[in-house]
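Student: As numbered in this note's numbering, residues 2 to 83 make up the sequence shown, in order.
Think of the hints as simulated: they come from the structure by calculation, not from any bench.
Hints may be right or wrong, so weigh each one.
Said to hold, decoys possible - Ranges of calculated distance between the beta carbons of each label pair, as one might list FRET restraints:
id, residue 1, residue 2, range
1, 78, 56, 13 to 23 Å
2, 29, 75, 23 to 33 Å
3, 39, 16, 10 to 20 Å
4, 19, 75, 12 to 22 Å
5, 31, 11, 10 to 20 Å
Backbone N, C-alpha and C define an ideal beta-carbon position, used for all residues, glycine too.
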Amino acid sequence: MSEPADQDKYDEVRQVIEMIRPAAQADGGDIELVRVQDDGEVHVRFLGECVACPSRNLTLKSGIEANLKSRVPWVHTVIAVD
Numbered sequence: 002m003s004e005p006a007d008q009d010k011y012d013e014v015r016q017v018i019e020m021i022r023p024a025a026q027a028d029g030g031d032i033e034l035v036r037v038q039d040d041g042e043v044h045v046r047f048l049g050e051c052v053a054c055p056s057r058n059l060t061l062k063s064g065i066e067a068n069l070k071s072r073v074p075w076v077h078t079v080i081a082v083d
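Just need the whole structure built from these sequences, with the hints factored in.
Tutor: Written out as structure tokens, the structure reads:
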């Protein structure tokens, strides 16, 4: 496992997550940033209605990961954790 990213990298990812969260919150869910690793792996946790949502994987890859990769070039993957 890679080391946790420095605070600047964490904050860069957090800012993008904060932009995405309102869409999840509008559907009764939420997204929590859990960990940002130095190698570009980001861990998030789905909350509320997002936990059992059938579109969870689509949201993860097409929503969260795509947004992060386009705005934070060093991010290479986003993983949902429990």
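Student: Does each hint hold? Answer for all of them.
Tutor: Evaluation of the provided hints:
no.: 1; hint: 78 with 56: 13 to 23 Å; result: 19 Å, holds
no.: 2; hint: 29 with 75: 23 to 33 Å; result: 32 Å, holds
no.: 3; hint: 39 with 16: 10 to 20 Å; result: 18 Å, holds
no.: 4; hint: 19 with 75: 12 to 22 Å; result: 18 Å, holds
no.: 5; hint: 31 with 11: 10 to 20 Å; result: 18 Å, holds
In this structure, none of the earlier numbered hints is contradicted; all agree with it.
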